[in-house]
Amino acid sequence: SSGGGQDDGTQTIGVANFLLSGPYFSGMDKAIAAQAKKKGKIQIISTDANGDAAKLAANIEDLLSKNVDAIIISGGPLESAPAALNAIKQAGKPVVLVDRKFAVGEYTSWIGPDNKAIGVQDGQFLAKRLTDGGKVGIIKGGPADNSIGLARTEGLKSVLGTTQGITLVEAPDFGNWSSDGGLSVMESLLAQHGDLKAVFCENDAMCLGAQRAIADAGKAEQIVLAGVDGQNEALKAIQDGTNYVVTGLNDADQIGSMGLDRAVEILSGAKVEKDTVVPSPMVTKDNAAQYYDPNGTF
Amino acid sequence: MSLVLRGVTKDYAGVGVLHGIDLEGRFGEVLAVVGANGAGKSTLIKILAGAQPMSAGEMWIDGERVGLRSPHDAHERGIRTVYQELTLVPGLSVTENLLMGDFPRRRGLIDWPAAHARAAELLESIGFGAIDPRTSAERLTVARQQMVEIAKALVTEPRVLILDEPSAVLAGSDLDSLFALIRRLRERGVLVIYVSHRLAEVLDLADSIVVIKDGRVIETTEPARTSEDELIRLMAGRRLEQIYPDRRPEPGDLRLEVSGLTRDGEFEDVSFTLRAGEVVGMFGLVGSGRSELARCVFGAEPASAGSGAYGSPAEAIAAGLALVTEDRKRSGLVLGMSVRDNIALTTLKGPLIDLARQRDQIGGMIDRLGIQPEGCAPMVVEHLSGGNQQKAVLAKWLLKSPRVLLLDEPTRGVDMATRVEIYRMIDALARDGVAVLLISSDLTEVIGASDRVLVMAHGRIVGELRSEQTSEDQVLAYSMGTLT
Amino acid sequence: MIAATPRLVLRGRDFTAEAISAAVVVLLVVVAATTSDTFLTPANLTNLLKQMVTTGLLAFGMLVVILTGGIDLSVGSVVAFTGILAAGLSAGLPIPVAMTVGVLAGIAFGLVNGALVARFGLAPFVVTLASLTTIRGLAFVYSEVPITPTDPAFLGLGSAMLGPVPLITLIMAVVFLAGGVFLSRTPAGRSIIAIGGNAETVRLAGINVRKHVILAYAISGACAGLAGVVLASRVGIAQPSVGVAFELDAIAACVIGGAALSGGRGSARATFGGVLVLVLINNLLNLYGVQSFWQQVLKGLIIIVVILVRRK
Amino acid sequence: MIAATPRLVLRGRDFTAEAISAAVVVLLVVVAATTSDTFLTPANLTNLLKQMVTTGLLAFGMLVVILTGGIDLSVGSVVAFTGILAAGLSAGLPIPVAMTVGVLAGIAFGLVNGALVARFGLAPFVVTLASLTTIRGLAFVYSEVPITPTDPAFLGLGSAMLGPVPLITLIMAVVFLAGGVFLSRTPAGRSIIAIGGNAETVRLAGINVRKHVILAYAISGACAGLAGVVLASRVGIAQPSVGVAFELDAIAACVIGGAALSGGRGSARATFGGVLVLVLINNLLNLYGVQSFWQQVLKGLIIIVVILVRRK
Ligand SMILES: Nc1ncnc2c1ncn2[C@@H]1O[C@H](COP(=O)(O)OP(=O)(O)OP(=O)(O)O)[C@@H](O)[C@H]1O
Ligand SMILES: Nc1ncnc2c1ncn2[C@@H]1O[C@H](COP(=O)(O)OP(=O)(O)OP(=O)(O)O)[C@@H](O)[C@H]1O
Ligand SMILES: [Mg+2]
Ligand SMILES: [Mg+2]
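Residue numbers (our numbering), protein chains in the order written: chain A, 1 to 298; chain B, 1001 to 1484; chain C, 2001 to 2312; chain D, 3001 to 3312.
Check before you lean on any hint, since a few could be wrong.
[Claimed, not checked] Covered by chain D, per the in silico footprint, the following chain C stretches (three or more residues, Cβ under 8 Å):
{"#": "1", "region": "2137 to 2149"}
{"#": "2", "region": "2172 to 2186"}
{"#": "3", "region": "2289 to 2303"}
Simulated from the structure, these hints should not be mistaken for laboratory data.
Using N, Cα and C, we set each Cβ at its ideal position, and we do this for glycine too.
My request is simple: use the sequences and hints to build the entire structure.
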């Protein structure tokens, strides 16, 4: 079971997840494993730090002690792990970051979305859609230190904040990235701002909950929703022509498999791009069918 | 050379408990404080011990006015107290309980060998040498725990030693060593303030006696100038004509037959019977296993062998048994619940409880037993005085109309007037055909209130005597194994 | 009558805890109504009615366990498991059946918790801490990804309104009313309260203590199961990750309502008051637009103030 | 002498709790060593040494509070606050000073918790539940975004090794050793234990109960503060969102080590055993490659088994 450079040429890649208990993150983990299987001769050791930064560091040390050939880090809400990156560097192993780009510390390569661009994209869509202007609500995932969410909202604001006739109202409470959180934050928002024309959520899960709250309030005709991620349920809602009108694809499957590919390339000695932004196409009713996979995991 | 209280008053949230107590105790004497349940004895003691502030009044020691702000203050002045309730810390060793906060140290750290040695020495010096100081307190019998409590008060020799009902859980030789100890302390110039309901003991031990009634001193006297009857009359406010009821007629049918009952480590091969209409006393030294036997018969603890015990309390109750346990706080009452809810516990019936009916029923029982104060049904039972709490426990079981009543120390801590009421009640029940087992450590009571006496020692029944044909000496001799 | 604090006693019952809860609730409502235009709008009031449901259901179950002197930390995980189970089963089973199975699963977890506490004498805190972990894991094992029931009828429970009142709020109200009667008027309810006061006394009164303790945890499990199903139906999506730290609000509601964590003291009515206090605080802080982390700072401080007031 | 269970008593002290902890640890180590090639590798052992630090530090502080009969739910939030404070201050202050201030902040929170419990007689569970919320909010108020100290020396504490042993493990070991001596050989330590057994008795012995209860919470705060600083240094970045649910592992470690949540019973040694048990379980489940969610399921079950064994 101990890693690297086995006689038969099998390579071992360690995956360090900061937090698996979210569909996006477990989808990512699965995609990496699936891609490894597809490639063959690659063994994956996956770990979960369950949201504990020290445990992530320990898990990475664990992987290094098992002498893995490369490490993929799915950092989720973790902003960075400089000490762990140092340890990997000292061990002379390559490290590929997926989705989360660490703010500080050295890594070999990063593959992920441009979160700000997704926000901009949603903002542009809404600006075009709300020809008469109006109020746009914003539901953030939180906590306040989550820079992925901050970047998405910042992108949206950079467009809508300067659009004539549009007012932005930010919900004071966080939706915790979950549907139930999105639901109750939306309810509170609606109580104060019954005249909203659109709502932007930092991810699809929250938007799905918000959509319920809007439907319950009988305002499905009045308010449209814009999300981020391309979660299956959201894609379906968009395809079905509901008031869920747009999302920006942030495909865990794609990023995961690209991450694995990237790690393998590096191990084969190829020279690779340092940062790769995975495009996040805008998904609307027109093209949702193209992305919706009823059997997909995310 | 004395301790003097002048006009000491105490009230809890506006309700007066003590109303201007005056008393004087001289160093080198035993001052007994007696009074009915709820008279305010324990409250007075808490004030002397610095555990409760007085609402008004003064305290003088050696002609100097003192104000106690904390028990620590009292300790500094040489006042040590042994409370009515046991206060040892269960998980800690005897040594630690004794020396708490005042350990021998070496380089700043506690020197445990030295501490154990000091504790052993102390226990030895006061005649309690049988206790191993390294044992944890929870593993001692109640009697031993009481002795450790007393030893604790003597770690540094006090000027004033206050004992609140120390004899309630002691008997036989333990009691003798306590009395010897008190006499030695008196000789050494200690003022011993002694609270007890056992008047014979008070008359034997005290130099002066203060009688408290309803928070007031109503008499200060000396043993030579008074008698048990006189003290009872003062405490109760009336003369008690007859303490024990008349003999009852011959008993009826067999109600309980216990045979060869054994519970390993507690009691062995116990056989006895209870018949309708009889009161059977059971005497034994503390630790002889009577409580365990009663609990086992009642199904609270499984038996190892023998017959006659029930499988669970529910089965026993269904068969008409009732058990009034010896420790009402631990197993007789739910202290935080109202008097009414406590009494209702054995008669809860569903699906929905008929509250009106329950109120009537329980109200009737409260009246019948005269549980004080008036209108106490909704009161939290914890706020009743000891004797009234005991009556509440009785009420709970009487409501069930039991056919067999097991009473374990039903008069412990209960004043004389209330005791007499309890004896009357036992008698009335027996005359109604109930079979009563009366477990007691009070020799006079066990003989006076019962028809027959079973004597237990070391977990076995060692004697059975007709009450009218035996004597206190004979029963005691059986219990100590000097007679078989 | 002797009492350390002034108490409100009517017809022999002590209403002090209820009175304090009511006073705090009234105070909050008055403050809210006078300082916020939005507070009294129908939309916001409906909101309040909906938002109290989860905490309310969990708080009642928690109260029953706390009355025995125990605690149930596992409720948040049970919410997640039962919600996702009901959503998952709704694909193959009629929806009422799927939901009932969800609630039954909650009861089953409660029975296990109760048995470990009552039968083996383990500390409730640790037993339910362990089952918090295990049941959360099981929720993910059942489905790592959220489950969206395809049948729109699954949403019915969560979105139905009876006039101005959401159905789920009515359900919660019924739980509290029936629960109140259970605690104050049935032998089982009285026994549960007495057990928290002194289990040995209750045992010697011929009452089966184990059975009642297990019953208490089963009730908490049932409430958590119901909350899980209701939440899934309300959101329309069941996620294995919901419910983290839900137990804390439920416990806080009980304590704000004057329940003693040592057992034997607490009432359904006062606990409902505690739920209202929590929901009102959240609502108010939201209406004032207080930032999320300042909300946390204030929420903690307000809880301290409320229990300080109660202590008087 | 009557005793319900066979006990190990040496020279008057009861070592049963220690013995059971030691037995479980040895059992786990033997199982691990015989079933996994990796377990005994130096790398894995170093790893174990590092992994026990946070839980270990928090568990010792928690033990002291539990001994008084209390509980400290706020430690996870304190970890977050003190970590980000130290990281923030390290920009302007020498690093040792910044870290010391972090620990002092932990002590300050402990003092507040302790004062609310001891001075106002509030239930520890609720006080620290409220401060869990408030302190978490304060961490975000201090900095909404993570702080990365620019000076690489900030990482020194977390990454330094003394031979094969990480410095932070040594620090934790010192805490346990000194803490053990404190609890068993100093009057303050003995008083804290006695308070959990019977606070009234301790008060009557003239010992200042309030002071000692406050001290206990301050110690827990200090340990949490130290853990926060160590964690920030180890990770290299301080985030206001770290430390959620850390209190649960700390409490579990104490209970696995035989501490009674009702107070008065527990030892530093046995608690350290509890920490080892938790860390070994995690490590083993990882070495066996058990999937994350199944790990949670098993972890809960193993905790139940361990406390069932201990009960015997
Ligand atoms: N903390 C308290 N709050 C309210 N009332 C109290 C409190 N403590 C005692 N009392 C009341 O004060 C009165 C005197 O009680 P105290 O314990 O001093 O009686 P006592 O003479 O020691 O009785 P006993 O012989 O039963 O021990 C009783 O009526 C009791 O109910
Ligand atoms: N060393 C001990 N360890 C644990 N429990 C003990 C110990 N000694 C006594 N006990 C228990 O403490 C209780 C009270 O003891 P006590 O001496 O009153 O004995 P008892 O059997 O109740 O005798 P009796 O009622 O005849 O006085 C009993 O339940 C007894 O079993
Ligand atoms: Mg008294
Ligand atoms: Mg006895």
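Do the hints match the structure? See the list:
1. Coverage of the region 2137 to 2149 of chain C by chain D holds. Counting CB-CB distances below 8 Å, 5 residues qualify, and the rule asks for three or more.
2. Counting residues of the region 2172 to 2186 of chain C whose C-beta lies closer than 8 Å to any C-beta of chain D gives 0; at least three are required, and the coverage claim is violated.
3. Given a C-beta distance limit of less than 8 Å, the hint that chain D covers the region 2289 to 2303 of chain C holds, as 11 residues qualify and 3 suffice.
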